[in-house]
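Read top to bottom, the protein sequences are chains U and A.
Numbering of the first sequence is given in full-length UniProt numbering, commencing with residue 1 and proceeding in unit increments.
Numbering of the second sequence is given in full-length UniProt numbering, commencing with residue 1 and proceeding in unit increments.
It should be emphasised that the hints constitute simulated quantities derived from the structure, not laboratory data.
Backbone N, C-alpha and C define an ideal beta-carbon position, used for all residues, glycine too.
Any given hint might turn out to be false.
Cβ pair distances, simulated, as ranges [said to hold, decoys possible]:
1) U:Arg112 - A:Leu303: 35 to 45 Å
2) U:Pro198 - A:Pro198: 51 to 61 Å
3) U:Pro87 - A:Pro138: 49 to 59 Å
4) A:Gly225 - U:Glu245: 19 to 29 Å
5) A:Thr224 - U:Gly175: 38 to 48 Å
6) A:Pro276 - U:Arg112: 29 to 39 Å
7) U:Arg246 - A:Pro205: 26 to 36 Å
8) A:Pro138 - U:Arg96: 35 to 45 Å
9) A:Ile310 - U:Ala196: 42 to 52 Å
10) A:Glu245 - U:Pro87: 32 to 42 Å
2 protein chains.
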Amino acid sequence: MSNVVNAPERVAPDTLARVQAQIELLGYQPSRAAQTLKQERAGAWGIELNSAGFGRLGAILDTFLIELTTGAAGHGSHVVPFTAPDPLDPLPAYERFVASRVADGFVLTDTRTSDPRPAWLDAHHVPYAAFGRVWDDPGVTSWVDVDGAAGIDAAVRHLAEQGYERIGYLGWPEGSPVGDDRRSGWARATADLGIAHPEWQATTPQVIDAASSAAAGLIDAVGTGGALVCASDALALGAWRVLVERGLEPGVDVGLVGFDDTDIAQALDLSSLHQPLDQVAERVLHVLGTRADSRDPSVGGLLLDPELVIRSSSKPAGDRTKRKEK
Amino acid sequence: MSNVVNAPERVAPDTLARVQAQIELLGYQPSRAAQTLKQERAGAWGIELNSAGFGRLGAILDTFLIELTTGAAGHGSHVVPFTAPDPLDPLPAYERFVASRVADGFVLTDTRTSDPRPAWLDAHHVPYAAFGRVWDDPGVTSWVDVDGAAGIDAAVRHLAEQGYERIGYLGWPEGSPVGDDRRSGWARATADLGIAHPEWQATTPQVIDAASSAAAGLIDAVGTGGALVCASDALALGAWRVLVERGLEPGVDVGLVGFDDTDIAQALDLSSLHQPLDQVAERVLHVLGTRADSRDPSVGGLLLDPELVIRSSSKPAGDRTKRKEK
Numbered sequence: 001m002s003n004v005v006n007a008p009e010r011v012a013p014d015t016l017a018r019v020q021a022q023i024e025l026l027g028y029q030p031s032r033a034a035q036t037l038k039q040e041r042a043g044a045w046g047i048e049l050n051s052a053g054f055g056r057l058g059a060i061l062d063t064f065l066i067e068l069t070t071g072a073a074g075h076g077s078h079v080v081p082f083t084a085p086d087p088l089d090p091l092p093a094y095e096r097f098v099a100s101r102v103a104d105g106f107v108l109t110d111t112r113t114s115d116p117r118p119a120w121l122d123a124h125h126v127p128y129a130a131f132g133r134v135w136d137d138p139g140v141t142s143w144v145d146v147d148g149a150a151g152i153d154a155a156v157r158h159l160a161e162q163g164y165e166r167i168g169y170l171g172w173p174e175g176s177p178v179g180d181d182r183r184s185g186w187a188r189a190t191a192d193l194g195i196a197h198p199e200w201q202a203t204t205p206q207v208i209d210a211a212s213s214a215a216a217g218l219i220d221a222v223g224t225g226g227a228l229v230c231a232s233d234a235l236a237l238g239a240w241r242v243l244v245e246r247g248l249e250p251g252v253d254v255g256l257v258g259f260d261d262t263d264i265a266q267a268l269d270l271s272s273l274h275q276p277l278d279q280v281a282e283r284v285l286h287v288l289g290t291r292a293d294s295r296d297p298s299v300g301g302l303l304l305d306p307e308l309v310i311r312s313s314s315k316p317a318g319d320r321t322k323r324k325e326k
Numbered sequence: 001m002s003n004v005v006n007a008p009e010r011v012a013p014d015t016l017a018r019v020q021a022q023i024e025l026l027g028y029q030p031s032r033a034a035q036t037l038k039q040e041r042a043g044a045w046g047i048e049l050n051s052a053g054f055g056r057l058g059a060i061l062d063t064f065l066i067e068l069t070t071g072a073a074g075h076g077s078h079v080v081p082f083t084a085p086d087p088l089d090p091l092p093a094y095e096r097f098v099a100s101r102v103a104d105g106f107v108l109t110d111t112r113t114s115d116p117r118p119a120w121l122d123a124h125h126v127p128y129a130a131f132g133r134v135w136d137d138p139g140v141t142s143w144v145d146v147d148g149a150a151g152i153d154a155a156v157r158h159l160a161e162q163g164y165e166r167i168g169y170l171g172w173p174e175g176s177p178v179g180d181d182r183r184s185g186w187a188r189a190t191a192d193l194g195i196a197h198p199e200w201q202a203t204t205p206q207v208i209d210a211a212s213s214a215a216a217g218l219i220d221a222v223g224t225g226g227a228l229v230c231a232s233d234a235l236a237l238g239a240w241r242v243l244v245e246r247g248l249e250p251g252v253d254v255g256l257v258g259f260d261d262t263d264i265a266q267a268l269d270l271s272s273l274h275q276p277l278d279q280v281a282e283r284v285l286h287v288l289g290t291r292a293d294s295r296d297p298s299v300g301g302l303l304l305d306p307e308l309v310i311r312s313s314s315k316p317a318g319d320r321t322k323r324k325e326k
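Chain U extracted, bound-state conformation (with noise of 0.2 Å):
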């Protein structure tokens, strides 16, 4: 049937002739979509979100997906959403869209150590892309990250040639890849400074409550003069907060900067680390069209740099002090 309607040279001409005049009978209309369903793809690319790091305070992956969503429209194609009823257990969600033929291939976000989905995915050969490195397995390069500890560097220097002295680092507990990453990034900057001090240090989950805790301590320690670089724009909200209830100005008496650009950062004006979501994004969308188009599993991952945005919580030296001549 397909021959007659979409190849009909293909056909034995009696063939055609009878089946042709069936489909008029019938009425068989042929329709784009279902002409696009033959060639066996959806238009689409799944993405599984999960309400812990999703429209969360410092999480970005909301608008990564905007830069998704636009940017698929303009490669003719769809982002699909959808949730894994057991966040920790993903796979069957993943099957259940590759079995209804939903989506032709994913959109992996938040990729962690043992991440059963790069392995599963290409065992049964759906095309996929990371936004995030997939740390376990240096082999697979289907990914696009953001460059944490190189963004985090650059915030170290910017901070020293502020003329901030003592800069401290405000993470997360150590074990996850990103945290480590980012850490990794202040002791570089400040090993090659000759700044190090590797107490200057302290580690808080995700929580502000806990970030201020930790915040309070490292306050201490860097002392007025000091600063501290956090691994998010959630710890230094954090920090900001034991900053005030001090009645210390942040940028002024302590020099601050955040990760993510989120409206926090602009809205309590810290400096911060943005990431390119819309570069990520098309750079996500090239490789998943490579793959499907070619099957071609050798496009190198994509390592980007943050863009350090300054703003007033690292002022320079000059302007601190005469803010506070006022």
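Mind docking chain A on chain U? Use the hints.
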């Protein structure tokens, strides 16, 4: 052709035999996806995402999208996000989605006065359901909304019961239907309780710096022992900042209630009004399903009450005294 495959009993036996022979010859395989297509259903609902109202502090649409995605899966459908290149003229984006049959209907958010979408969708017989009243046209009933006035009313009564004496309102500039509705709850409750002071209000756009400026004067007006009800958690954060900078403790010196129960409210331990987004999503999907099945536009609008989540920013007078004596 479709009758031969899907309803062979409706086709003359002669025709049936001939076409079935062709089907066998040419290897035509009916697929479940193709059969769904023939029913002219994409099995998906479109939703416009807008970077101004999505993923922002105090916005709840990212959480709503997760609820909608999870709920749709329970109904065997999907949600397909899209963005309008020009958010002020969104109709071309809707038109493109309808033409390409990616979605069977739409979930509208961010309903506003002079919203062109309901009339356009009605004229094109495209089912939709709105999260948000269609403010201009009470005849349109395909909506679910949260009763902001009732929520703010409950917050005022709660603060009065806790012993706060002067209750002010920090809201958005007049003219937005959602904002005016929320303010009306404050006006109504304070009038009912005999504690109306129309001058104890201030307006500010949804920007934290501006909210702090507006809150400063209002905090002067209500003074210690007074309280502020805010149109959003973002405005409450602006007020919270002023209190902390002045060395005043929220809930001890001045009561504070926000709206939306965001991460910010949870992080700063602010009482806030929680929108029942799971119920909103379920109702939106019910309205859509009903309209798509029966083209029956008579499903009524539904107004749900938000739930007041009480935290330390609205402590009872007894606790406040105890705290102060410490």
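Results for each hint:
1. U:Arg112 - A:Leu303: 35 to 45 Å: Hint holds: Cβ distance 41 Å, inside 35 to 45 Å.
2. U:Pro198 - A:Pro198: 51 to 61 Å: Roughly 59 Å apart at Cβ, these two residues keep to the hinted range, so it holds.
3. U:Pro87 - A:Pro138: 49 to 59 Å: At roughly 41 Å between Cβ atoms, Pro138 of chain A and Pro87 of chain U fall outside 49 to 59 Å, so the hint is violated.
4. A:Gly225 - U:Glu245: 19 to 29 Å: Between Gly225 of chain A and Glu245 of chain U, where Cβ atoms are some 21 Å apart, the hint holds.
5. A:Thr224 - U:Gly175: 38 to 48 Å: Holds, at about 45 Å.
6. A:Pro276 - U:Arg112: 29 to 39 Å: holds (31 Å)
7. U:Arg246 - A:Pro205: 26 to 36 Å: holds (30 Å)
8. A:Pro138 - U:Arg96: 35 to 45 Å: Since Pro138 of chain A and Arg96 of chain U have Cβ atoms about 41 Å apart, the given range 35 to 45 Å holds.
9. A:Ile310 - U:Ala196: 42 to 52 Å: holds (46 Å)
10. A:Glu245 - U:Pro87: 32 to 42 Å: holds (39 Å)
Hint violations for this structure: number 3 only, all remaining hints satisfied.
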